[in-house]
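K.L.:
One-letter residues, chain by chain:
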Amino acid sequence: MISWLYPAAWMRLAALAGPIVVHLLRRQRAARLAFPSLRFVPASRTAAIRLRLPTEPLLLAVRVAIVALRLLAIAIAIGGVIDPAVSVRRSRPVRLDVRLLDESSSAHAARDQLVSHLKDDVATLNAGAADAIVLVGGRPDVSSLPAKVPVFTISLRPTTANVRIVDAASPAASRPGQDVHAIADIEATGMAGRGSVITLEHQGITLGRLEHRWTLERERFRAMLPFTPPAAGTVALRINVTTADERDGTDNATDFRVLSFSRPLKVLIFEARPSWAIAFIRRALESDPTFQIASYARASRGAEVTAGDPPASLTSGGLDAFDAVIAGAPEELGRVEVDALDRFARIRGGAVIFAPDRRPAGPYTTLIPTGDFEQILLDLPVGISRAGPAGNRCRSRHRETGIARRRSGKHSTDRDDEPLRRRGDDSTGKRAARRVERNCDHDSALARRRNGGI
Amino acid sequence: MLDPVLLSSIGDLELVARVTVDGTVSGLHRSPFHGYSAEFSQYRHYRVGDDLKYVDWKLFARTVAVDASGSMAFRGRQGVSKLDYARMLAAALAYLVAGQGDAVGLVIYDEVLRQYVPSRMGQSHLRSVLLALSKMQASGGTAAAAALRRATDLLRRRGLLLVVSDLYDEDARVEAELRRAARIGHEVAVFHVLTRDEIEFPFAGDIEIEDLETGRTVLANAAATGAEYRRQFAEFLERWRSRCAGYGIDYTRVITDMPLDAVLRGYLLRRTGSVGR
Chain B
3 MISWLYPAAW MRLAALAGPI VVHLLRRQRA ARLAFPSLRF VPASRTAAIR
53 LRLPTEPLLL AVRVAIVALR LLAIAIAIGG VIDPAVSVRR SRPVRLDVRL
103 LDESSSAHAA RDQLVSHLKD DVATLNAGAA DAIVLVGGRP DVSSLPAKVP
153 VFTISLRPTT ANVRIVDAAS PAASRPGQDV HAIADIEATG MAGRGSVITL
203 EHQGITLGRL EHRWTLERER FRAMLPFTPP AAGTVALRIN VTTADERDGT
253 DNATDFRVLS FSRPLKVLIF EARPSWAIAF IRRALESDPT FQIASYARAS
303 RGAEVTAGDP PASLTSGGLD AFDAVIAGAP EELGRVEVDA LDRFARIRGG
353 AVIFAPDRRP AGPYTTLIPT GDFEQILLDL PVGISRAGPA GNRCRSRHRE
403 TGIARRRSGK HSTDRDDEPL RRRGDDSTGK RAARRVERNC DHDSALARRR
453 NGGI
Chain D
2 MLDPVLLSSI GDLELVARVT VDGTVSGLHR SPFHGYSAEF SQYRHYRVGD
52 DLKYVDWKLF ARTVAVDASG SMAFRGRQGV SKLDYARMLA AALAYLVAGQ
102 GDAVGLVIYD EVLRQYVPSR MGQSHLRSVL LALSKMQASG GTAAAAALRR
152 ATDLLRRRGL LLVVSDLYDE DARVEAELRR AARIGHEVAV FHVLTRDEIE
202 FPFAGDIEIE DLETGRTVLA NAAATGAEYR RQFAEFLERW RSRCAGYGID
252 YTRVITDMPL DAVLRGYLLR RTGSVGR
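Those sequence lines, one after another, are chains B and D.
Residue numbering for the first sequence follows my numbering, starting at 3 and increasing by one per position.
Residue numbering for the second sequence follows my numbering, starting at 2 and increasing by one per position.
Source of the hints: derived by calculation from the structure; they are not laboratory data.
Every residue, glycine too, gets a C-beta built ideally from N, C-alpha and C.
Some clues are possibly wrong.
Claimed, not checked - Listed next, with one range per pair, are the computed distances between beta-carbon atoms: (1) A228/D - L73/B: 54 to 62 Å; (2) R217/D - L73/B: 43 to 51 Å; (3) L60/B - A228/D: 44 to 52 Å; (4) A77/B - T215/D: 53 to 61 Å; (5) A77/B - E201/D: 55 to 63 Å; (6) L60/B - R78/D: 47 to 55 Å; (7) G20/B - R217/D: 49 to 57 Å; (8) R78/D - I76/B: 38 to 46 Å; (9) L60/B - R271/D: 27 to 35 Å.
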């Protein structure tokens with residue numbers, strides 16, 4: 003904003019004509035000529051010569067244009083002379099009288115914060131004839147406040163330690179014996195350095211417990227407590243947060259229910275192209291009464307093979323009826339299908355199992371934490387037996403899904419003592435088979451991670 | 002042809018004069034002076050029995066008057082200055098006069114009579130004249146009338162007065178003195194030395210003109226004033242030519258880019274014609 007009380011502004015305005023003055027002063031001086039006599043030189047009109055037109059008229063025009071543009075900009079700035087849409091606030095700044103009602107550090111901090119926020123809009127602080135009064139902290143004496151002056155107050159409540167449950171989500175419906183997680187978002191204020199105990203209770207019996215130590219003055223923590231429904235039906239649960247010396251405990255508990263049912267798990271087996279791995283899995287699951295299988299396979303372009311009641315395509319709405327999806331040949335899945343699977347896993351809470359038989363590629367790799375895979379082609383059929391300690395990673399992941407655990411347990415029992423089947427004594431196939439044994443106990447053994455199992 | 006620029010670069014003024022005169026005189030088809038030989042050699046003293054018609058009555062009175070005012074320093078955009086040209090021309094004339102056994106004198110003037118070398122004969126005197134010419138510098142204004150009167154008076158007998166000047170003095174007074182010298186019986190020859198730029202005024206644009214004699218300056222636009230200048234200057238030249246013709250004064254307009262020997266030859270040829278008449 004241009005301040006016309008500022009002397010430099012006038013100097014700048016005078017300097018606007020500088021280019022033109024320089025141009026006029028830079029006129030070339032007339033050439034000097036020593037001549038024998040002036041007898042025959044007619045008397046010249048000196049004034050006419052001194053006021054001759056300046057040289058370089060184009061340059062002069064450019065300089066005049068610069069000055070004109072500057073003047074135009076000033077005209078716009080000081081009142082929207084040219085463009086009525088341009089408006090400039092020319093009212094005087096608001097004067098605030100900020101009063102500290104106590105000398106606590108928090109009151110000073112609040113005053114400083116207010117000043118820093120308003121420094122561009124408020125010219126004078128602590129002025130006598132203020133347009134408004136701001137009272138910071140303490141209890142104001144109303145009788146001392148002037149009439150007809152707006153008064154604003156900033157109250158500084160003492161910080162008290164408090165823990166409260168902000169949000170809690172009921173777990174999705176599960177089967178008896180299937181782990182679910184009770185999730186609660188807990189927010190703590192003024193609890194830095196102290197700890198809280200979060201418990202999951204059912205009818206007063208503690209089912210799960212965890213402790214959390216707060217590190218920030220204001221912190222939010224998501225607690226996940228596992229729970230395994232013992233039988234079908236509805237189970238009422240409570241998440242309770244206990245903190246020592248907390249005054250307000252009304253917001254430290256929340257109740258929710260877990261629905262457990264005993265119906266068969268609905269599994270969709272989706273093959274973007276036919277694969278042997280999926281064929282074996284499907285056959286195994288179809289023979290298990292725990293699962294209700296619906297399968298869909300794209301045999302070729304325009305030809306589909308379906309069984310059960312699969313959806314016409316992998317869409318978000320079509321998958322909601324299933325508990326799990328096993329996707330074969332996942333590298334053939336498109337982005338829309340991958341997004342539907344992602345939503346199914348994250349929002350619906352379903353399980354998604356990829357059974358690749360080729361090097362992972364395509365959109366679905368974005369759902370896999372690593373892309374470092376090595377493809378191994380087996381030139382001989384091999385039998386897969388459970389590995390020893392090297393398969394811990396895979397087994398631990400299987401525990402997260404009932405599908406895998408059941409399948410793994412059932413079939414591994416059948417295969418524990420099954421010798422390695424091989425045809426001939428080909429050493430390459432033997433080595434490959436051993437690598438697979440060491441790394442993973444998956445049925446689908448054609449691809450493995452470099453640093454672990456599939 | 003002797004290039005004036007080339008001649009002016011020769012430090013020995015006597016050599017310049019000799020080169021100029023020797024080439025000029027030997028190239029003449031007819032001697033400007035009376036005698037029996039086809040080519041003029043020198044004067045000799047009168048002896049009893051000589052025909053009086055061959056007596057050169059102006060034998061012993063030849064004075065060269067050179068204008069050394071500030072205006073003579075003008076050089077123009079190229080070539081030699083008027084003063085240098087006048088110096089060489091006066092030296093050649095002195096050499097010519099001395100070579101034919103005549104006495105030669107020198108008058109150098111500007112506002113006043115700056116230097117006077119009386120007329121005498123002999124090579125040593127010629128060197129004195131040439132030395133005075135070589136030391137001549139242009140300065141001051143012009144007061145030709147007084148100097149010419151003085152030079153005329155110093156010619157105690159009838160003689161030849163050679164005036165080398167740009168004639169930027171008051172016309173009437175100079176004209177009166179020249180007329181007086183002619184009326185007294187002296188033969189007067191005027192070498193009007195000018196530069197090409199003075200005549201043509203070939204300048205352009207705005208110029209600040211400084212008078213070499215007075216130092217006064219005038220701002221002028223060459224395009225606007227050139228035509229008027231040329232017109233007035235042409236009138237000035239014509240005025241002098243007609244005046245000199247009216248008073249029997251030999252008038253030679255000399256431009257500094259003209260070969261010096263050609264100027265001298267032209268003068269001698271004209272003089273031959275006048276003597277022959």
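K.L.:
None of the hints should be skipped; say for each whether it holds.
P.N.:
Hint check:
| no. | hint | result |
| --- | --- | --- |
| 1 | A228/D - L73/B: 54 to 62 Å | violated, 45 Å |
| 2 | R217/D - L73/B: 43 to 51 Å | holds, 45 Å |
| 3 | L60/B - A228/D: 44 to 52 Å | violated, 31 Å |
| 4 | A77/B - T215/D: 53 to 61 Å | holds, 55 Å |
| 5 | A77/B - E201/D: 55 to 63 Å | holds, 56 Å |
| 6 | L60/B - R78/D: 47 to 55 Å | violated, 31 Å |
| 7 | G20/B - R217/D: 49 to 57 Å | violated, 36 Å |
| 8 | R78/D - I76/B: 38 to 46 Å | violated, 52 Å |
| 9 | L60/B - R271/D: 27 to 35 Å | violated, 59 Å |
In terms of the numbered hints stated before, the structure departs from hints 1, 3, 6, 7, 8, 9, listed from lowest to highest.
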